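Visitor: So the chains spell out like this:
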Amino acid sequence: MDVNQYLEIFLDETNEHLQSLSDQLMILENEPENADTINEIFRAAHSLKGMAGTMGYKRMQALTHDMENVFSEIRNGKMKVTSNLVDVLFQTLDALEEYKNTIQETQDEGTNDNAALIKALQQCLDEGTGTVSEEAPAASSDAKEETSEAASANGDKKWKNIALQEHEINALKEAEEKKLNIYGCTVFIQESCILKAARAFLVFKAVEELGEIIISEPSTQDIEDEKFDFDFSLYIISEEGYDKVEAAIMSVSEIDRVIGEKVTAADAIANGEANEKAVEAKEESGASETAQPAREETAAPAAPAPAASSAPAAAPAAQGGNAPAKKGASKPVVNRTVRVDIEKLDVLMNLVSELIIAKNSLVSSAASGGQSGNSSNFNEQIEYLESVTTNLHESVMKVRMVPIESITTKFPRMIRDLSKKLNKKMELYMSGEDTELDRTVVDEIGDPLMHMLRNSADHGLESTEDRIAKGKNPTGSIFLDAYQDGNNVVIEVKDDGNGIDVEAVKRKAIERGTITAEQGENMSSKEIIDLLFLPSFSTAKVVSDVSGRGVGLDVVKSKIEALGGDVSVKTKLGEGSTFSIRLPLTLAIIQALMVIVGGETYAISLGSIDTIEDISENDVKYVEAKEVIHLRGNVIPIVRLHEVLGLEMPKESRDRMIVVIVKKGDQYAGLVVDELIGQQEIVIKSLGRYINCTSRMISGATILGDGEVALIIDANCLI
Amino acid sequence: MDEISLMNNEYDTTQFIVINIGDEQYGIDIKYVDNIVRMQKITRVPNCQDYFKGVINLRGEVVPVMSFRMKVHLPEVDYTNKTRIIIIKLEPNAPVGIIVDAVKEVVTLTDNNIDAASRSSTNNDPSYINGIGKTGGTLISLLDLNVVISEKETA
Numbered sequence: 001m002d003v004n005q006y007l008e009i010f011l012d013e014t015n016e017h018l019q020s021l022s023d024q025l026m027i028l029e030n031e032p033e034n035a036d037t038i039n040e041i042f043r044a045a046h047s048l049k050g051m052a053g054t055m056g057y058k059r060m061q062a063l064t065h066d067m068e069n070v071f072s073e074i075r076n077g078k079m080k081v082t083s084n085l086v087d088v089l090f091q092t093l094d095a096l097e098e099y100k101n102t103i104q105e106t107q108d109e110g111t112n113d114n115a116a117l118i119k120a121l122q123q124c125l126d127e128g129t130g131t132v133s134e135e136a137p138a139a140s141s142d143a144k145e146e147t148s149e150a151a152s153a154n155g156d157k158k159w160k161n162i163a164l165q166e167h168e169i170n171a172l173k174e175a176e177e178k179k180l181n182i183y184g185c186t187v188f189i190q191e192s193c194i195l196k197a198a199r200a201f202l203v204f205k206a207v208e209e210l211g212e213i214i215i216s217e218p219s220t221q222d223i224e225d226e227k228f229d230f231d232f233s234l235y236i237i238s239e240e241g242y243d244k245v246e247a248a249i250m251s252v253s254e255i256d257r258v259i260g261e262k263v264t265a266a267d268a269i270a271n272g273e274a275n276e277k278a279v280e281a282k283e284e285s286g287a288s289e290t291a292q293p294a295r296e297e298t299a300a301p302a303a304p305a306p307a308a309s310s311a312p313a314a315a316p317a318a319q320g321g322n323a324p325a326k327k328g329a330s331k332p333v334v335n336r337t338v339r340v341d342i343e344k345l346d347v348l349m350n351l352v353s354e355l356i357i358a359k360n361s362l363v364s365s366a367a368s369g370g371q372s373g374n375s376s377n378f379n380e381q382i383e384y385l386e387s388v389t390t391n392l393h394e395s396v397m398k399v400r401m402v403p404i405e406s407i408t409t410k411f412p413r414m415i416r417d418l419s420k421k422l423n424k425k426m427e428l429y430m431s432g433e434d435t436e437l438d439r440t441v442v443d444e445i446g447d448p449l450m451h452m453l454r455n456s457a458d459h460g461l462e463s464t465e466d467r468i469a470k471g472k473n474p475t476g477s478i479f480l481d482a483y484q485d486g487n488n489v490v491i492e493v494k495d496d497g498n499g500i501d502v503e504a505v506k507r508k509a510i511e512r513g514t515i516t517a518e519q520g521e522n523m524s525s526k527e528i529i530d531l532l533f534l535p536s537f538s539t540a541k542v543v544s545d546v547s548g549r550g551v552g553l554d555v556v557k558s559k560i561e562a563l564g565g566d567v568s569v570k571t572k573l574g575e576g577s578t579f580s581i582r583l584p585l586t587l588a589i590i591q592a593l594m595v596i597v598g599g600e601t602y603a604i605s606l607g608s609i610d611t612i613e614d615i616s617e618n619d620v621k622y623v624e625a626k627e628v629i630h631l632r633g634n635v636i637p638i639v640r641l642h643e644v645l646g647l648e649m650p651k652e653s654r655d656r657m658i659v660v661i662v663k664k665g666d667q668y669a670g671l672v673v674d675e676l677i678g679q680q681e682i683v684i685k686s687l688g689r690y691i692n693c694t695s696r697m698i699s700g701a702t703i704l705g706d707g708e709v710a711l712i713i714d715a716n717c718l719i
Numbered sequence: 001m002d003e004i005s006l007m008n009n010e011y012d013t014t015q016f017i018v019i020n021i022g023d024e025q026y027g028i029d030i031k032y033v034d035n036i037v038r039m040q041k042i043t044r045v046p047n048c049q050d051y052f053k054g055v056i057n058l059r060g061e062v063v064p065v066m067s068f069r070m071k072v073h074l075p076e077v078d079y080t081n082k083t084r085i086i087i088i089k090l091e092p093n094a095p096v097g098i099i100v101d102a103v104k105e106v107v108t109l110t111d112n113n114i115d116a117a118s119r120s121s122t123n124n125d126p127s128y129i130n131g132i133g134k135t136g137g138t139l140i141s142l143l144d145l146n147v148v149i150s151e152k153e154t155a
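Protein chains in written order, with this note's numbering: chain A, 1 to 719; chain B, 1 to 155.
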């Protein structure tokens, strides 16, 4: 039976079932006797098994079957839910998720039997129901170690496996002729690193300052797409010594180690060729493997004991290299889709029909044109058209909007795991999960948010003993709140931990040489907290494997800023801290105020504008040699756009000036402009890759009705 | 290296667009050229690299435009009606314009008409030239576009 057409549905539903299983398991852990939950879990597991079976994914079916058995016993009251059991079940869910991802990428479930996991489930079942199992769970860890050992034995000098193309061989030979050094090296990224691609990019950048990268394995494209495990290999040509290259690579944070040495071009070519043959051989064996999956299947679940190739899913790092890597190059078989509420589509349909009516009436008025008295009618129709297009734009944007729920659902589970790992009691409270954001934004903020939650759990909250000593509730609380604020969406991660110790941050910054002691004296506490967002800065006294290596907040910041948002922190020592992310609601099209400064046209996003004021030059006061105005009880700094945009000041001094008051959170600034043109809907375009605006004041450009380009001023950068 | 170039140079030809900068002629590999447009209004971008003159509207797309003269530290000249903007696409979706004095012609060079550029060992600047083409008694400096467009400043 050809089941490909059902693949998308299968993946969708698998997702849903896995999520519901995960949710229900969380509930079950807290209320082990809840019969409704048990029934719900049983149903979800059962449907999952059925679906996997129908689609012919035998391994997935086998695993779900064993999971279902466990639930069945629980439901019948023959065994009790223990914390250990829940752990194993969560691992099972991870493994199923793994299957799902592999299927999504390759249409095949891969060759991982998860035998150790099946055994663990069986053991839970035996223990729970009183039957004695003969074998200890040690087998699973054995298997894990074996694979990782095997990998490191032949794997550390991975650059030797790079297959070289002709032009790369030429480049190497040429370099040798010029007496440049050739290095082969393999860079290992720490396995806990969240944004591997970003780290790899930094390594590339560092190396390119010293020399030239001839080839990387995997290719740069794959590295950008994070299609690699935790290491990548390079051939580098450089005039510098190897020590320098290694030092440059190691200066990037979260790099575990670098292995490399000087090689000759001949070596590199020979290595490459030898490897090519090996790859061919491997591919052949791979093909025969997939050709006879049925035979394997029948054998595997029955005798799962000495399966060295299948590590438990709990060790995703060790396992990552198995099935998915082999076919890493192929594109995912399923397109990214958005589920759209049918009501939104109806609205869209209505608007399109209105658009057609508007067009028709324009056509008819154009046909009867020339007759007097028609111009008011014509204007009316233009206005109508305008309102229709505005509505249409809004609805299309709404179609692109998805609730942030899709990323927050995995957080409770993560906090639960963290709580166990860190041995701290903590509880996650979420609100506003239905807040909607553009699909692309939602996809991007998952990692930064996860990082901030980890940060709160690890650094923010004190240990349980400390909390008791301080008279706080021993269980720490982390809050994730999302809400809409004007044209922005704000997501706050708040904890009731110890807050940020400003003095400690200052000391650390001075110690590290980030700032001088003198500078430290004069910095406000806000400025000091901002230091946390600098690369490689951490105040955690102990580096844990959850966070504390001083990475992350800088990456979080750059990621959010790339989306046009910003991050801010509020903290109170002893009471906790709040990290807020502010993101633009929509991308691409915005309402903007067009202004003229020094003869050039600029756009300012209406979302950031508070008011527009007509102010006399005499009202400008000076505070700390900076220009400010006093407006309705607020002291607002003045920014002369002529200066920041590098324009000549107008010669004749005017006694009145137009000030656009912009606002970011609760901060204000007044931008002095020459003239106002008016409000306009503009389409945001990027300035292109190569042009580099140093002050980041220009967030993009737009094309005006007359074909001219106007730049968009990012008011947030001027505050 | 020699063997390979011997193998390849039999029939391999490359087309170059020849541009004028002052008295010199430069060649741009035609496969990277997306478009050649006349000079048009350029919107200045404040605080960017000084060799970027700004951005233009190319059929609804915003394209950054750099001055070749400023990039290679030559004096600026006034724009004439021969001045052109060559739109280069090294990668899809990342166009960039280069202002040149004039566009002369398209030449076809076989590989054995292209000499490797001589690179002085004392000079650490990246060379904009990756070869010299010979055609009909004139020499054409073949531009290495990656170096021309890259953000690295030549000090």
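Keep in mind the hints are simulated off the structure, nothing from the lab.
Quantities reported herein were computed from a predicted structural model and do not represent experimental measurements.
Even glycine gets a Cβ: it sits at the ideal position worked out from N, Cα and C.
Mixed in with the good hints there might be a few duds.
Derived pair list, reagent style DSS-like, types lysine-lysine, alpha-carbon separation capped at 25 Å [claimed, not checked]: (1) A:K557 with A:K570; (2) A:K425 with A:K557; (3) B:K41 with A:K685; (4) A:K410 with A:K420; (5) B:K71 with A:K205; (6) B:K89 with A:K685; (7) A:K559 with A:K526; (8) A:K205 with B:K89.
Listed next, the stretches of chain B that the computed footprint assigns to chain A, with coverage defined by at least 3 CB atoms under 8 Å from CB atoms of chain A [claimed, not checked]: (9) 16 to 24; (10) 78 to 85; (11) 138 to 145.
Visitor: Against this structure, judge whether each hint is valid.
Guide: Consistency of the hints with the structure:
no.: 1; hint: A:K557 with A:K570; in the structure: 15 Å, holds
no.: 2; hint: A:K425 with A:K557; in the structure: 28 Å, violated
no.: 3; hint: B:K41 with A:K685; in the structure: 18 Å, holds
no.: 4; hint: A:K410 with A:K420; in the structure: 16 Å, holds
no.: 5; hint: B:K71 with A:K205; in the structure: 22 Å, holds
no.: 6; hint: B:K89 with A:K685; in the structure: 17 Å, holds
no.: 7; hint: A:K559 with A:K526; in the structure: 21 Å, holds
no.: 8; hint: A:K205 with B:K89; in the structure: 22 Å, holds
no.: 9; hint: 16 to 24; in the structure: violated (count 0)
no.: 10; hint: 78 to 85; in the structure: violated (count 0)
no.: 11; hint: 138 to 145; in the structure: violated (count 0)
Consistency note: the structure conflicts with the earlier hints numbered 2, 9, 10, 11.
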